[in-house]
Amino acid sequence: DTAVSQTPKYLVTQMGNDKSIKCEQNLGHDTMYWYKQDSKKFLKIMFSYNNKELIINETVPNRFSPKSPDKAHLNLHINSLELGDSAVYFCASSQDTGGDTQYFGPGTRLTVL
Amino acid sequence: TQLLEQSPQFLSIQEGENLTVYCNSSSVFSSLQWYRQEPGEGPVLLVTVVTGGEVKKLKRLTFQFGDARKDSSLHITAAQPGDTGLYLCAGAPGNQFYFGTGTSLTVIP
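As given, the protein sequences belong to chains P and C, one line each in that order. Its first residue numbered 1, the first sequence is counted upward by one per residue in the numbering used here. Its first residue numbered 114, the second sequence is counted upward by one per residue in the numbering used here.
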């Protein structure tokens, strides 16, 4: 049984399009995250969401918006996709914020043409 | 400059060799974690170090937390091809979690 799942695994789209990536965790965790991993493998946090409190990394463009229908889901919506958005996006969850162990999904490889 | 700097960035060694990866910061952490990421997958936790000066062993992997809790190291003895992957240190000096810059290890059979 997959703990943290993401769909789709691969996403290829044209510049200017709007797309969403879905994430679900069945660990009963209170906190979920979205990370972006660039071509140099640097993993940068984009958002964390805990009990309806959203913490945004200030460097994330407002074209990116997380949407959480319930505690087990945190989807990522991206408007007006740009070439520089191409990366691997990881969803993760942890029991709480701070230094708790994070459990990662398999990643979504986004390619913007 | 990133909050957690790792060195080296890339490491390619022969099977059976030993290696050390370093994770350094100017910030103090209550704990530091080490993750390993294999190609096409998300990072997976290896260990958490909590106490300054702490040493933890996981089979051939030895993790150390610096006395001042600003740095950590990962030593691998007799590396095997299965150790190949991206090694990431991580921690939260406050409420926000940060990952290190990463060390990409390749062990050649």
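In case anyone wonders, no lab produced these hints; they're calculated from the structure. The structure presented is a predicted model; accordingly, all values stated were derived computationally and were not measured. Do not take every clue at face value.
[What the hints assert, rightly or not] DSS-like, lysine-lysine: derived pairs with alpha carbons at most 25 Å apart:
no., chain 1, residue 1, chain 2, residue 2
1, C, Lys183, P, Lys44
2, P, Lys41, C, Lys183
3, P, Lys44, P, Lys19
Hints, verified against the model:
1. C:Lys183 to P:Lys44: holds, 20 Å
2. P:Lys41 to C:Lys183: holds, 23 Å
3. P:Lys44 to P:Lys19: holds, 20 Å
Of the numbered hints given earlier, the model fails none.
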